[in-house]
Each structure stands twice: as C-alpha cells, then as structure tokens.
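In order, the protein sequences belong to chains P and F.
So in my numbering, spot 45 of the first sequence is number 45, and the numbers just go up one at a time.
So in my numbering, spot 84 of the second sequence is number 194, and the numbers just go up one at a time.
Keep in mind the hints are simulated off the structure, nothing from the lab.
All values derive from a computational prediction rather than experimental measurement.
Honestly, I wouldn't trust all of these hints.
What the hints assert, rightly or not - Derived Cβ-Cβ restraints for the label pairs, each shown as a range: (1) P:R105 with F:P193: 21 to 29 Å; (2) P:V50 with F:K127: 43 to 51 Å; (3) P:E55 with F:T125: 43 to 51 Å; (4) P:I17 with F:Y120: 31 to 39 Å; (5) F:G173 with P:M107: 14 to 22 Å; (6) F:G205 with P:M107: 27 to 35 Å; (7) F:N183 with P:S67: 36 to 44 Å.
Stated by the list, open to error - Non-contacting residues of chain F with respect to chain P, defined by C-beta distances greater than 10 Å in every case (computed): (8) S134; (9) E140; (10) G152; (11) R154; (12) Q155; (13) N183; (14) P185; (15) Q195; (16) H213; (17) N216; (18) T221.
Just so it is clear, CB atoms sit at the ideal spot from N, CA and C, and this is done for glycine as well.
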Amino acid sequence: GQNIDQPTEMTATEGAIVQINCTYQTSGFNGLFWYQQHAGEAPTFLSYNVLDGLEEKGRFSSFLSRSKGYSYLLLKELQMKDSASYLCAPLGGAGNMLTFGGGTRLMVKP
Amino acid sequence: EAQVTQNPRYLITVTGKKLTVTCSQNMNHEYMSWYRQDPGLGLRQIYYSMNVEVTDKGDVPEGYKVSRKEKRNFPLILESPSPNQTSLYFCASKGGAVYSPLHFGNGTRLTVT
Numbered sequence: 001g002q003n004i005d006q007p008t009e010m011t012a013t014e015g016a017i018v019q020i021n022c023t024y025q026t027s028g029f030n031g032l033f034w035y036q037q038h039a040g041e042a043p044t045f046l047s048y049n050v051l052d053g054l055e056e057k058g059r060f061s062s063f064l065s066r067s068k069g070y071s072y073l074l075l076k077e078l079q080m081k082d083s084a085s086y087l088c089a090p091l092g093g094a095g096n097m098l099t100f101g102g103g104t105r106l107m108v109k110p
Numbered sequence: 111e112a113q114v115t116q117n118p119r120y121l122i123t124v125t126g127k128k129l130t131v132t133c134s135q136n137m138n139h140e141y142m143s144w145y146r147q148d149p150g151l152g153l154r155q156i157y158y159s160m161n162v163e164v165t166d167k168g169d170v171p172e173g174y175k176v177s178r179k180e181k182r183n184f185p186l187i188l189e190s191p192s193p194n195q196t197s198l199y200f201c202a203s204k205g206g207a208v209y210s211p212l213h214f215g216n217g218t219r220l221t222v223t
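Chain P extracted, bound-state conformation (with noise of 0.2 Å):
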C-alpha cells in the first residue's frame, strides 16, 4: 500500500501564499496528482509532476522531491475562492494505482 501524509487543516489569508506539503512513500513511483476539491463537489485536477522539481501554473505550482518522498503545492495570492479540500495523490505500487491522501482543507479569511 502507500502511506500519504498531508496536514489535515490549514487557514491563511486573502492575497498571502500558502504552502501545503504531502509526504508519500510507494513503490514504483510514477508521478503525482493534486487535485481541488470545493464541499461537496468532484476533486478537478491541478498539477502532475513526474520529475523533480517545480512546475509553475500561473497563481499554482507543485514540487516533487523523489529521493524525499515529498510534494508540496503553493499557491499565490490567496482568493476566497480557493477555500477548498486539496487532495495529494501519488501513482505507482502494484498495479500502478493512484492512491489518495485524506486531503487538506484550506480556509482563506479575508
């Protein structure tokens, strides 16, 4: 199986940058997900990472450290609108299934 690590809570500010981090352990790791999930709504893809490093997607960008076991996803100038679940799910194990973390749910306050 795999164990993902990812708080549970997190609040911050309109405008301010947050940071939420996910730690994993799987083999045969292929990638990770983020997705975005509002209360009661599906999970919407946000990023993929394969290989080390940042991928930047406007107010979004994920990081990967494979050697760490570790992502994180920052995200920029905070809107109310991005009050939401954000769900951290690594690709790999037997079968090359996707697993899903508990996921992080974020309050921004104006």
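We have chain P; now place chain F onto it with these hints.
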C-alpha cells in the same frame, strides 16, 4: 462537452433494497473507476476497469459489484445495501497515458437507513 455523468445525485434507500448508480463518459476513455469518500478517510477506490469486460477490485470492494459491457458505461451495483455504505460516491475516467488525470462525475450522495 467532455464529461462524466453519474446518476442519481442523491439517493435515500433502505437496507437490503438493491440499487444501481449509473456512470457514463463521453471521452472514449478505457479506464473507469468508482470511489467512495467518507469524512476522515478520503477517497477510497471500490472497483476499477481497464477496458470493456475487464474489472478489478480496489481497496474497498466488499458489498459492491460493477460491470463494463460497453466502453462508456460503468454502473455500480449494491445488491443488498447496508447503513455502512452511506457515503459520497464518485465515478471517474481517464485516458491511456500515465500522466492523464482522472475526470470525476459530480458525485452521488447515498443514504442507507
């Protein structure tokens, strides 16, 4: 519009009454999957299908059945629902490349009394 459609959105039923949640995708994806989401437990995979007539168990398959007779449809069947199957269910599909993301349906909130 490319999408995954699941129905119904909300369902309240009683213990033991068979039910089916439908899922359909229009993206010609070979891979489809069902998840349940519970507070504190995250998304857990129930069953998945790599192609027509090919299905496999995920992490929590007990009490569920699936079928994949056509590429676009992947229904989830609860033959005898129990209260511990009360949950939020998501169907998802993805393209063939490793980096292809999952596309999720809008979810089905099931309550079994």
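Tested hints:
{"no.": "1", "hint": "P:R105 with F:P193: 21 to 29 Å", "result": "holds (26 Å)"}
{"no.": "2", "hint": "P:V50 with F:K127: 43 to 51 Å", "result": "holds (45 Å)"}
{"no.": "3", "hint": "P:E55 with F:T125: 43 to 51 Å", "result": "holds (47 Å)"}
{"no.": "4", "hint": "P:I17 with F:Y120: 31 to 39 Å", "result": "holds (38 Å)"}
{"no.": "5", "hint": "F:G173 with P:M107: 14 to 22 Å", "result": "violated (34 Å)"}
{"no.": "6", "hint": "F:G205 with P:M107: 27 to 35 Å", "result": "holds (33 Å)"}
{"no.": "7", "hint": "F:N183 with P:S67: 36 to 44 Å", "result": "holds (42 Å)"}
{"no.": "8", "hint": "S134", "result": "holds (15 Å)"}
{"no.": "9", "hint": "E140", "result": "holds (14 Å)"}
{"no.": "10", "hint": "G152", "result": "violated (4 Å)"}
{"no.": "11", "hint": "R154", "result": "violated (8 Å)"}
{"no.": "12", "hint": "Q155", "result": "violated (7 Å)"}
{"no.": "13", "hint": "N183", "result": "holds (18 Å)"}
{"no.": "14", "hint": "P185", "result": "holds (18 Å)"}
{"no.": "15", "hint": "Q195", "result": "holds (19 Å)"}
{"no.": "16", "hint": "H213", "result": "violated (8 Å)"}
{"no.": "17", "hint": "N216", "result": "violated (5 Å)"}
{"no.": "18", "hint": "T221", "result": "holds (14 Å)"}
Going down the numbered hints, you'll see the structure goes against 5, 10, 11, 12, 16, 17, while the others check out.
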